[in-house]
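Sequences are here, hints too, so could you generate the full structure?
Number of protein chains: 2
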Amino acid sequence: MNLGIVGCTGAVGLEILKLIEKRQVKYNSLRLFASKKSLGRKFMMNGNEHEVEELKSDVFKNLDCAIFSVNSTLSKKYSVIAINNKCTVIDNSSAFRMDPQIPLVIPEINIDEINRTKSQIIANPNCSTIILNMVIGPINNINPIEKIIISTYQAASGAGLKAMIELKSQAKSFCQDEKYDTRIFGRQFLWNAFSHDSKIMSNWYNEEEMKMVNETRKILKNPNLKISATCVRIPVLRAHCESVSLTLQNKININEIYKILEKSHGVKILDDRQMGQFPEPIIVSKKNDVFVGRIRKSLIDDYTVELFIVGDQLLKGAALNAIQIYEIISKNNSLMTK
Amino acid sequence: MNLGIVGCTGAVGLEILKLIEKRQVKYNSLRLFASKKSLGRKFMMNGNEHEVEELKSDVFKNLDCAIFSVNSTLSKKYSVIAINNKCTVIDNSSAFRMDPQIPLVIPEINIDEINRTKSQIIANPNCSTIILNMVIGPINNINPIEKIIISTYQAASGAGLKAMIELKSQAKSFCQDEKYDTRIFGRQFLWNAFSHDSKIMSNWYNEEEMKMVNETRKILKNPNLKISATCVRIPVLRAHCESVSLTLQNKININEIYKILEKSHGVKILDDRQMGQFPEPIIVSKKNDVFVGRIRKSLIDDYTVELFIVGDQLLKGAALNAIQIYEIISKNNSLMTK
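Protein chains in written order, with this note's numbering: chain A, 1 to 338; chain B, 1001 to 1338.
Note that these hints are calculated values from the structure, not bench results. It is possible that part of the hints are untrue.
Stated by the list, open to error - One side only, chain A facing chain B, incomplete, derived with CB under 8 angstroms: (1) W191; (2) C241; (3) R273.
As the list claims (entries may be wrong) - Lysine-lysine pairs mimicking DSS-like chemistry, simulated, CA-CA at most 27 angstroms apart: (4) K226(A) with K1147(B); (5) K172(A) with K1286(B); (6) K172(A) with K1162(B); (7) K76(A) with K56(A); (8) K179(A) with K1168(B); (9) K1268(B) with K1297(B).
Claimed, not checked - Stretches of chain B that chain A covers, calculated by requiring three or more beta carbons in the stretch to come under 8 angstroms of a beta carbon on chain A: (10) 1001–1007; (11) 1144–1156; (12) 1180–1193; (13) 1204–1217; (14) 1225–1239; (15) 1291–1299.
Glycine is no exception: its CB is placed at the ideal position from the N, C-alpha and C atoms.
As structure tokens, then:
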């Protein structure tokens, strides 16, 4: 398998490189691509030096699979070229997620979509969507979901490496009583929280909220699912939290919810009511699992369970999910047509 | 009116002193009380020096009104002594809030409760409860509330001055690559978020969540109101945010919601969808008004409106609400029985 990593110097790209080494991901050859300004950067991986190449149209003819972590515009342009060269694409952008021909995949939840669609492009869902669905997907299989109300607490990493650097720089400015650098978010982020800075749509939800809504409907195969999200950024570096009120079709049984989540791959329950220990970004950062706690029967009615979910935005929210997809399709030769 | 401020050196007490000067609050005499370790501290107010006295049982015989910002145990002990000495008490603790004989007052929402009950103790609601009810109270008067689902984003100030200092000290430790001081919260708070550290109750909600639930039911005079809260602390200094999904009994009309909130005293709408400017802790800190934005018809159904509410926890969430109550009762001699 000749593997290419497109956008290897961004926050997600760098995590992909770390995971390839850490998980001993198999490949014949590995090539790294980025924009011109990263040309010549070198990465040592498994004892071999890899030099960053410029992303160009002709690179795909020698690749079997490429993992893209670039913006939607670049993804759209180069994915078409890649698949015309019979190179399978795993795409982290939002470019193809809502295309009905293209599977939107969380391996633990709906890996079958890859074989069903036989698509050469596989879309990685939005980070908040993955973290949510890792927990609600298994519950939905046993007791179908009627309604979901979500409030997010999203980390800087969702806006990339520069956003993480800006947030940390604001802590330094605070200590030195200097003016804050606010180039990325246009506002003080330290000691602040703000509505997700994506575009407001015609229904007054923002783009991030509508990604959660539409992608969850697609993943759960329930186009009429009642779901609302409020997406908020908080000054945390790399793990997203989600407070979720989940109404099911049948009366909830909290023991059953626990049993479902205990058996779910990639999910870890942290719900220590005696010690007051529940999922937190500091605990979950750099962990592969999505953590869930504060699991309780809602005061609202007998059909609703309240949950607090935390996942590393860069790992399961992006890089890890993409690598898992690569690991699965690289065993499944039917997709690799060269 | 001989006024006493009990607990004048805490985060809320200090704000009360600032408000007394800023709002030119009227009094005959003003005395400041705190625990032994603050004895001798002096505050200049309106050109006069006030020295902190020790809180003792005999101080109330010369006071007409005392504003308490101390813990529940101290409030319970000294409030009884105060009213036995015909000194009206405005209490910021949770000691009396759920007592059916005692009014739980937000002046803009239910000031009538003071005259109705003729109670000599008046309870100030929990900070998150005040901020929530400032916005939902006026809506409830026009279109009664059926159900409320809240997720909070709570600032350090809710845990007092030492918590604010600890959070700021962690930014300094981050910059100097030193170990974090975690005495107050027992965990890293910088770059983190965690479930509110109050006790978990038998229904697995925490104490802060149940304060919001029970106090809101009392304020809205709706003991069976369907309401659920998830309370979370985030690394912000002094303003609380609340993401609220509010289901009403009649179909919502967004223009009507706007009109209700525009007319509500102490509420400010900040909902600029073009500029992407909504309420944020940094904007709302040190402001008297409770801010609301992201006002939108929910995707869930035609009866639900989604809101993002932010209020200064120390001002309208505590000190300002108490001072407003004092201003009202000091004009209303019927309560002042000396």
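| task | Double-check C241(A) for me: the hint is only fine if its C-beta lies closer than 8 angstroms to a C-beta in chain B. | result | C241(A) check passes; min Cβ-Cβ to chain B is 5 angstroms, inside 8 angstroms.
| Has the given pair, K226(A) with K1147(B), been kept, meaning a C-alpha gap of at most 27 angstroms? | holds (16 angstroms)
| At a threshold of 8 angstroms, is the proposed contact between W191(A) and chain B supported by beta-carbon distances? | Result: holds, 5 angstroms to nearest chain B Cβ.
| field | Cut-off 8 angstroms, beta-carbon criterion: hint that R273(A) touches chain B | value | holds (4 angstroms)
| query | Is the hinted pair K172(A) and K1162(B) satisfied, with a Cα-Cα distance of at most 27 angstroms? | reply | Within the cut-off at roughly 21 angstroms; holds.
| query | For the region 1291–1299 of chain B, does the count of residues with a C-beta closer than 8 angstroms to a C-beta of chain A reach 3? | reply | holds (count 7)
| task | Decide if the proposed pair is consistent with the structure: K172(A) and K1286(B), CA atoms, cutoff 27 angstroms inclusive. | result | holds (23 angstroms)
| field | Assertion that chain A covers the region 1001–1007 of chain B - criterion: three or more residues, beta-carbon distance below 8 angstroms | value | violated (count 0)
| query | Between K76(A) and K56(A), is the straight-line Cα distance small enough, at 27 angstroms or below? | reply | Given pair K76(A), K56(A) holds - Cα atoms ~14 angstroms apart, limit 27 angstroms.
| message | Taking 8 angstroms as the Cβ threshold, is the statement that the region 1225–1239 of chain B is covered by chain A upheld or broken by the three-residue rule? | response | holds (count 9)
| Counting residues of the region 1144–1156 of chain B whose CB is closer than 8 angstroms to a CB in chain A, do you get three or more? | holds (count 4)
| Is the hinted pair K179(A) and K1168(B) satisfied, with a Cα-Cα distance of at most 27 angstroms? | Judged against 27 angstroms, a Cα distance of about 17 angstroms means the pair holds.
Checked against the numbered hints given earlier, this structure breaks only hint 10.
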